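Below are the chains, spelled out letter by letter.
Number of protein chains: 2
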Amino acid sequence: MNTLTKFQNFDEVPVKQIAPGFFCKLVHTENNTINFLEVKAGSQLPNHSHPHEQSSFILDGQFEMTVNGESKVLVANDFVVIPGGVEHGGKAITDCKLIDVFSPVREDYR
Amino acid sequence: MNTLTKFQNFDEVPVKQIAPGFFCKLVHTENNTINFLEVKAGSQLPNHSHPHEQSSFILDGQFEMTVNGESKVLVANDFVVIPGGVEHGGKAITDCKLIDVFSPVREDYR
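Order-wise, the sequence lines are chains A and B.
For the first sequence, the residue numbers in our numbering are 1 to 110.
For the second sequence, the residue numbers in our numbering are 1 to 110.
Worth flagging that the hints you see were computed from the coordinates, not collected in a lab.
Please note that a few of the clues may not be correct.
No farther apart than 30 angstroms at their CA atoms in a straight line, the calculated lysine-lysine pairs in the DSSO-like style are these [said to hold, decoys possible]:
{"id": "1", "chain 1": "B", "residue 1": "6", "chain 2": "B", "residue 2": "72"}
{"id": "2", "chain 1": "A", "residue 1": "72", "chain 2": "A", "residue 2": "6"}
{"id": "3", "chain 1": "A", "residue 1": "6", "chain 2": "B", "residue 2": "6"}
{"id": "4", "chain 1": "A", "residue 1": "6", "chain 2": "B", "residue 2": "91"}
{"id": "5", "chain 1": "B", "residue 1": "91", "chain 2": "A", "residue 2": "40"}
{"id": "6", "chain 1": "A", "residue 1": "72", "chain 2": "B", "residue 2": "25"}
{"id": "7", "chain 1": "B", "residue 1": "6", "chain 2": "A", "residue 2": "16"}
{"id": "8", "chain 1": "B", "residue 1": "91", "chain 2": "A", "residue 2": "25"}
{"id": "9", "chain 1": "B", "residue 1": "91", "chain 2": "B", "residue 2": "6"}
{"id": "10", "chain 1": "A", "residue 1": "72", "chain 2": "A", "residue 2": "91"}
{"id": "11", "chain 1": "B", "residue 1": "40", "chain 2": "B", "residue 2": "97"}
{"id": "12", "chain 1": "A", "residue 1": "25", "chain 2": "B", "residue 2": "40"}
{"id": "13", "chain 1": "A", "residue 1": "72", "chain 2": "B", "residue 2": "97"}
{"id": "14", "chain 1": "B", "residue 1": "97", "chain 2": "A", "residue 2": "91"}
{"id": "15", "chain 1": "B", "residue 1": "97", "chain 2": "B", "residue 2": "25"}
Bear in mind the structure is a predicted one, so any value in this text is a computation, not a measurement.
Sequences and hints are given; from them, build the entire structure.
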């Protein structure tokens with residue numbers, strides 16, 4: 001994956017498990033990392049923060065997100081924009097699908 | 001829509017027609033504009049360029065994308081990363097759904 005213009009298909013993108021139960025297809029552009037992820041029910045990420053802005057969109061299932069101490073179970077069509085440096089975490093209540101957009105690039109996910 | 005952290009739902013996001021047949025739900029963050037769009041069959045955008053990087057992901061339907069003079073009909077699971085300044089355009093072959101991620105923010109879409 002690089003920033004050259006080319007037509008691509010997700011079948012060519014390897015799955016990366018960034019945390020137990022978090023299975024990711026990561027697209028790194030010049031400015032962003034775009035993460036199409038599937039999370040197994042019960043899997044969770046403890047509260048953490050990073051300098052990257054993060055926008056999380058729920059496509060399917062139920063994902064409990066905690067941002068700045070406030071928790072909500074998000075379902076399809078819900079989303080949240082998390083500025084850089086803000087503490088957040090989450091837990092999959094059911095198997096679920098999400099899209100996370102990080103800016104700038106998550107070099108740690110390359 | 002602003003960059004404050006809050007839980008949101010797409011039902012609250014107004015639909016904006018940015019070109020004939022291109023119906024968009026736009027999420028502006030600090031760094032990006034993320035566009036969930038539906039395009040009516042036959043609608044097209046002529047070749048153009050902008051300084052913003054653009055990543056386009058096809059969710060449903062068929063969308064013929066032209067980038068740098070090369071055309072391809074994209075279907076679900078296809079995507080393309082278009083660096084800023086590169087000429088591109090597209091035409092919906094069928095009704096289709098896409099996600100475009102622009103960086104930086106598309107001030108012209110606010």
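Here is what the structure says about each hint:
Restraint check: the Cα-Cα separation between residue 6(B) and residue 72(B) comes to about 38 angstroms, which exceeds 30 angstroms; the hinted pair is violated. A threshold of 30 angstroms between alpha carbons decides the hint, and for residue 72(A) with residue 6(A) the separation of about 38 angstroms lies outside it, so the pair is violated. For the proposed pair residue 6(A) and residue 6(B), the alpha carbon gap of about 35 angstroms is over 30 angstroms, so the pair is violated. With a C-alpha separation of about 18 angstroms, the suggested pairing of residue 6(A) with residue 91(B) holds against the 30 angstroms cut-off.
For a cut-off of 30 angstroms, the pair hint linking residue 91(B) to residue 40(A) is broken: about 37 angstroms separates their Cα positions. A C-alpha spacing of about 22 angstroms is found between residue 72(A) and residue 25(B), which places the hinted pair at or below 30 angstroms, so the restraint holds. Between residue 6(B) and residue 16(A) the CA atoms are separated by roughly 28 angstroms; this keeps the pair inside 30 angstroms, and the hint holds. For the proposed pair residue 91(B) and residue 25(A), the alpha carbon gap of about 27 angstroms is at most 30 angstroms, so the pair holds.
Proximity of residue 91(B) to residue 6(B) is assessed by CA-CA distance (about 35 angstroms); at most 30 angstroms being required, the pair is judged violated. The straight-line distance between the Cα atoms of residue 72(A) and residue 91(A) is roughly 10 angstroms, inside the 30 angstroms bound, and the hint therefore holds. A distance of roughly 9 angstroms separates the Cα atoms of residue 40(B) and residue 97(B); the hinted pair therefore holds under the 30 angstroms criterion. Pair hint residue 25(A) plus residue 40(B) holds up; C-alpha atoms about 28 angstroms apart against a cutoff of 30 angstroms.
Restraint check for residue 72(A) and residue 97(B): the C-alpha separation of about 27 angstroms stays at or below 30 angstroms, so the hint holds. Taking the CA atoms of residue 97(B) and residue 91(A), the gap is near 28 angstroms; set against the 30 angstroms cutoff, the hint holds. With a C-alpha separation of about 11 angstroms, the suggested pairing of residue 97(B) with residue 25(B) holds against the 30 angstroms cut-off.
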